[in-house]
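Asker: Just so you know, the protein sequences line up as chains A and B, in that order. Taking my numbering, I'd label the letters of the first sequence as residues 1 to 426. Taking my numbering, I'd label the letters of the second sequence as residues 427 to 802.
Hint data in this document are derived by calculation from the structure and do not stem from the laboratory. Among the hints, a few may not be true.
Unchecked claim - Keeping only pairs whose Cα atoms sit at most 20 Å apart, straight-line, the calculated EDC-like set for lysine to aspartate or glutamate is: (1) B:K788 x B:E774; (2) B:K788 x A:E174; (3) A:K43 x B:E774; (4) A:K43 x B:E639; (5) A:K43 x B:D712.
Unchecked claim - To give a feel for the contact side, a few chain B residues facing chain A, derived at Cβ under 10 Å: (6) D482; (7) N496; (8) A569; (9) R711.
Yeah, the Cβ is synthetic: ideal placement off N, Cα and C, and Gly gets one too.
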Amino acid sequence: MIKEFRLPDLGEGLTESELVQWRVAEGDEVGLDQIIAEVETAKAMVELPSPHAGVVERLYVPPGTTVNVGEPIIAFRVAGGDEDDDAPQPNLVGYGAVPESNGRPARRPRRHGTAPAPESEPESRPVAEEAERPAPERVRATPPVRRLAEQLGVRLADVNGTGENGLVTRQDVERAAHAAEGGASSPAASGPAAPDAELERIPVTGVRRRTAEAMVASAFTAPHVTMFLTVDVTATMELLERLRTTPEFREVRLTFLAAVAKALCLAVADHPDVNARWAGDEIVRTRAVHLGIAAATPRGLVVPVLRDAQARGLADLARAIMDLAATARAGRTAPADLSGSTITISNVGVFGVDGGTPILNPGEAAILAVGQVAKRPWEWQGGIALRSVTTLSLSIDHRVLDGEQGSRFLAAIGRTLTDPATAFTR
Amino acid sequence: MSHAVAAPRASRTPDSDPALRGAIRILTPAGERRDDPEYGSHVADVGDDELLALYDDMVVVRRIDAEATNLQRQGELALWPPLLGQEAAQIGSARALRSDDFAFTSYRENGVAYCRGVTPAELVPVWRGVTASGWDPYRVGMATPQVIIAAQTLHATGYALGLQYDGSDAAAIAYFGDGATSEGDASEALVFAASYKAPVVFFCQNNHWAISEPVSLQSGSSLAGRAAGFGVPSVTVDGNDVLAVLAVTRAALARARAGGGPSFIEAVTYRMGPHTTADDPTRYRDPEELEAWRRLDPIDRLAAHLSARGVLTDERRAAVTAHAAEVAHEMRAACTGLPEPDPMSLFEHVYTTPHPGIERQKARYARYLDSFEDAR
Numbered sequence: 001m002i003k004e005f006r007l008p009d010l011g012e013g014l015t016e017s018e019l020v021q022w023r024v025a026e027g028d029e030v031g032l033d034q035i036i037a038e039v040e041t042a043k044a045m046v047e048l049p050s051p052h053a054g055v056v057e058r059l060y061v062p063p064g065t066t067v068n069v070g071e072p073i074i075a076f077r078v079a080g081g082d083e084d085d086d087a088p089q090p091n092l093v094g095y096g097a098v099p100e101s102n103g104r105p106a107r108r109p110r111r112h113g114t115a116p117a118p119e120s121e122p123e124s125r126p127v128a129e130e131a132e133r134p135a136p137e138r139v140r141a142t143p144p145v146r147r148l149a150e151q152l153g154v155r156l157a158d159v160n161g162t163g164e165n166g167l168v169t170r171q172d173v174e175r176a177a178h179a180a181e182g183g184a185s186s187p188a189a190s191g192p193a194a195p196d197a198e199l200e201r202i203p204v205t206g207v208r209r210r211t212a213e214a215m216v217a218s219a220f221t222a223p224h225v226t227m228f229l230t231v232d233v234t235a236t237m238e239l240l241e242r243l244r245t246t247p248e249f250r251e252v253r254l255t256f257l258a259a260v261a262k263a264l265c266l267a268v269a270d271h272p273d274v275n276a277r278w279a280g281d282e283i284v285r286t287r288a289v290h291l292g293i294a295a296a297t298p299r300g301l302v303v304p305v306l307r308d309a310q311a312r313g314l315a316d317l318a319r320a321i322m323d324l325a326a327t328a329r330a331g332r333t334a335p336a337d338l339s340g341s342t343i344t345i346s347n348v349g350v351f352g353v354d355g356g357t358p359i360l361n362p363g364e365a366a367i368l369a370v371g372q373v374a375k376r377p378w379e380w381q382g383g384i385a386l387r388s389v390t391t392l393s394l395s396i397d398h399r400v401l402d403g404e405q406g407s408r409f410l411a412a413i414g415r416t417l418t419d420p421a422t423a424f425t426r
Numbered sequence: 427m428s429h430a431v432a433a434p435r436a437s438r439t440p441d442s443d444p445a446l447r448g449a450i451r452i453l454t455p456a457g458e459r460r461d462d463p464e465y466g467s468h469v470a471d472v473g474d475d476e477l478l479a480l481y482d483d484m485v486v487v488r489r490i491d492a493e494a495t496n497l498q499r500q501g502e503l504a505l506w507p508p509l510l511g512q513e514a515a516q517i518g519s520a521r522a523l524r525s526d527d528f529a530f531t532s533y534r535e536n537g538v539a540y541c542r543g544v545t546p547a548e549l550v551p552v553w554r555g556v557t558a559s560g561w562d563p564y565r566v567g568m569a570t571p572q573v574i575i576a577a578q579t580l581h582a583t584g585y586a587l588g589l590q591y592d593g594s595d596a597a598a599i600a601y602f603g604d605g606a607t608s609e610g611d612a613s614e615a616l617v618f619a620a621s622y623k624a625p626v627v628f629f630c631q632n633n634h635w636a637i638s639e640p641v642s643l644q645s646g647s648s649l650a651g652r653a654a655g656f657g658v659p660s661v662t663v664d665g666n667d668v669l670a671v672l673a674v675t676r677a678a679l680a681r682a683r684a685g686g687g688p689s690f691i692e693a694v695t696y697r698m699g700p701h702t703t704a705d706d707p708t709r710y711r712d713p714e715e716l717e718a719w720r721r722l723d724p725i726d727r728l729a730a731h732l733s734a735r736g737v738l739t740d741e742r743r744a745a746v747t748a749h750a751a752e753v754a755h756e757m758r759a760a761c762t763g764l765p766e767p768d769p770m771s772l773f774e775h776v777y778t779t780p781h782p783g784i785e786r787q788k789a790r791y792a793r794y795l796d797s798f799e800d801a802r
């Protein structure tokens with residue numbers, strides 16, 4: 001017997017949620033209350049426990065889909081009974097209204113493209129006329145009858161209400177619709193409009209929407225200044241190469257990004273003014289460096305936070321970055337780990353570019369974009385040699401910092417990466 | 427440098443929690459039983475068997491809570507307010523009550539309800555939205571849960587005044603949270619109870635969070651300390667110590683029965699879950715704070731004690747787990763089998779006698795329902 005499970009209202013009064021991830025696959029056996037999926041609502045990230053014990057027959061929606069409350073998301077094959085679960089289910093408060101296909105209130109099927117859309121009276125009436133005529137009282141009808149009239153293209157004002165005190169009843173509307181059909185032939189029958197072949201429309205949901213909102217908020221409130229520095233990082237690359245063979249780093253993916261994170265933390269110690277945010281009538285500086293690491297994930301851009309980065313050694317930083325990225329890509333980052341960063345690094349180098357003008361993570365005063373590390377002809381000990389070179393791009397909030405502070409901070413990072421031995425002097 | 431530097435967010439862990447300092451504690455977090463000079467005598471009769479029964483209560487209530495949370499995630503309940511972490515506070519106090527005492531609670535006291543004899547099947551209909559009241563208050567001696575914050579403190583006080591008139595030696599108990607102490611109703615109830623020496627116990631579960639508002643923002647001093655201003659004696663108890671909670675509640679009830687008037691108990695505990703299933707505490711709560719309180723888990727503490735005494739054997743544990751699973755199963759079956767109420771039943775039980783206004787509304791609503799094509 002097949003049992004469908006429809007997305008419930010997981011908060012109070014939600015109409016949709018995003019299915020972030022399935023934890024089961026078709027054909028899997030599941031137990032009652034076993035976690036089957038993760039769902040992100042406007043209020044919380046929640047886990048869905050299975051309502052049945054059985055076998056997963058079908059997953060209706062791929063991860064990343066925004067699903068309306070009441071839509072089926074998964075079907076189970078459960079033991080016992082042979083009839084399928086297509087009987088109308090009780091109208092649970094957890095589901096909101098029963099979907100229309102499932103029962104009450106049943107209405108006639110809507111005919112696409114028929115009858116001109118019901119004119120909206122107030123707008124179509126000439127202004128002068130409206131001014132002269134006293135506004136007519138709204139025609140009396142109950143909401144389901146209004147809906148029916150709208151669906152049938154019947155103007156309620158044209159219907160004679162036969163109910164109590166002129167109330168327009170369902171029968172009145174149906175009669176009016178019938179009379180209209182008998183009269184003028186409807187332009188109808190054209191069927192639904194052909195889908196647009198030229199355009200693809202992608203609904204803006206979840207991470208995309210939040211990114212858009214955050215970027216607009218940041219770009220149009222904080223005056224951005226971006227500065228660039230191209231540095232020879234050969235010494236750092238050699239150091240990383242050497243460290244990778246040591247026991248401490250055996251289990252860790254020691255990346256250039258980790259080295260930049262370390263250099264940034266050291267630079268913050270000397271330039272604490274960059275680890276700050278604009279708060280209207282004050283500038284709030286934070287002692288700890290909560291480092292945001294921008295990560296491209298299948299769901300979009302997320303910025304998980306590495307807390308107290310200033311207190312971590314290089315191995316710890318590398319490991320934490322590795323874990324954060326893996327968790328973020330799996331879509332498993334807890335909401336608490338997506339907020340509270342004080343400064344951010346964006347590793348655009350992994351996409352093979354040199355730099356850019358990063359937009360600040362809202363509530364921060366600086367963001368560093370790290371470019372690709374490429375072999376370049378470079379001045380080296382009075383001659384030209386092929387060196388490992390990268391470009392650092394730093395955007396700052398000019399309300400909080402001036403060019404001088406930003407430049408000194410950026411130069412400090414560059415110095416450490418050019419000659420990592422200077423970190424020893426700290 | 428004259429820049430303002432924001433202090434790192436102070437995370438309040440139990441070790442630094444001022445509310446727990448000086449709280450009555452009989453079972454230590456490690457599960458060691460100690461005597462308390464003032465309250466120890468109230469639980470002198472509580473031995474291994476009684477503690478095992480309390481353990482069973484706590485495990486079953488936690489399972490009920492988890493099952494109901496799952497039922498909400500599965501669309502079977504509209505909402506559920508989890509009590510995870512507050513089992514000792516609820517069960518220790520509710521097990522101190524006599525059957526003729528009366529409890530007035532907020533919506534989170536499902537552990538109290540269980541102890542009062544509300545069946546698991548009766549716990550869920552209200553949260554499914556199919557009834558206004560899940561149980562008969564007079565059968566179990568517990569009013570239907572109050573959603574309006576702190577209103578039940580007044581109901582309990584009023585009921586206690588009635589007990590006084592009746593000459594009964596029963597008592598009333600009001601359960602409310604830290605957030606409720608900020609409400610006017612709570613102050614009014616304390617004033618009346620003190621003035622009339624009403625036999626009522628004010629049982630405050632300080633679970634540290636009024637939805638997303640930490641208790642530290644609501645009160646600079648201890649909640650128990652507020653009672654003194656009303657002339658009501660108070661005590662602070664480790665709310666995750668079921669034995670200490672039982673002891674102080676017994677003492678407060680004894681005082682009420684003897685005509686000593688109201689008492690105020692602050693049980694310092696922690697809401698380990700969300701405010702309700704519609705809430706996401708990770709957005710406002712430091713995960714370290716939660717971790718710290720997890721180490722004070724009320725069930726682990728009692729289990730450690732009973733294990734050390736050799737009475738909580740593996741078999742015993744398995745039996746308790748099986749009991750909890752059975753109760754959860756019973757609740758799920760009852761929940762999913764609940765019939766959808768007839769819309770017209772809305773008008774029942776509004777007045778005991780016929781009422782023309784209600785009759786008019788009823789007739790109108792029937793006509794409205796008939797306007798659907800597929801009428802009932």
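Asker: Now tell me, hint by hint, if it's right for this structure.
Answerer: Results of checking the hints against the structure:
Of the supplied pair hints, the one linking K788 of chain B and E774 of chain B holds, its CA atoms being roughly 10 Å apart against a limit of 20 Å. Distance restraint check for K788 of chain B and E174 of chain A: the Cα-Cα separation of roughly 26 Å exceeds the 20 Å cut-off, and the hinted pair is therefore not satisfied. Of the pairs offered as hints, the one joining K43 of chain A and E774 of chain B is violated, with about 36 Å between alpha carbons and a cut-off of 20 Å exceeded. Our distance criterion of 20 Å between C-alpha atoms is met by K43 of chain A and E639 of chain B, whose separation comes to about 17 Å.
The hinted pair formed by K43 of chain A and D712 of chain B meets the criterion: a straight-line CA distance of about 18 Å does not exceed 20 Å. Look at D482 of chain B: its Cβ only gets to about 21 Å from chain A, farther than 10 Å, so that hint breaks. At about 4 Å, the closest approach between the beta carbon of N496 of chain B and any beta carbon in chain A falls short of 10 Å, and the interface hint on this residue holds. Because the beta carbon of A569 of chain B sits about 23 Å from the nearest beta carbon in chain A, more than 10 Å, this interface hint is broken.
Because the closest C-beta pair between R711 of chain B and chain A is about 8 Å apart, less than 10 Å, the hint holds.
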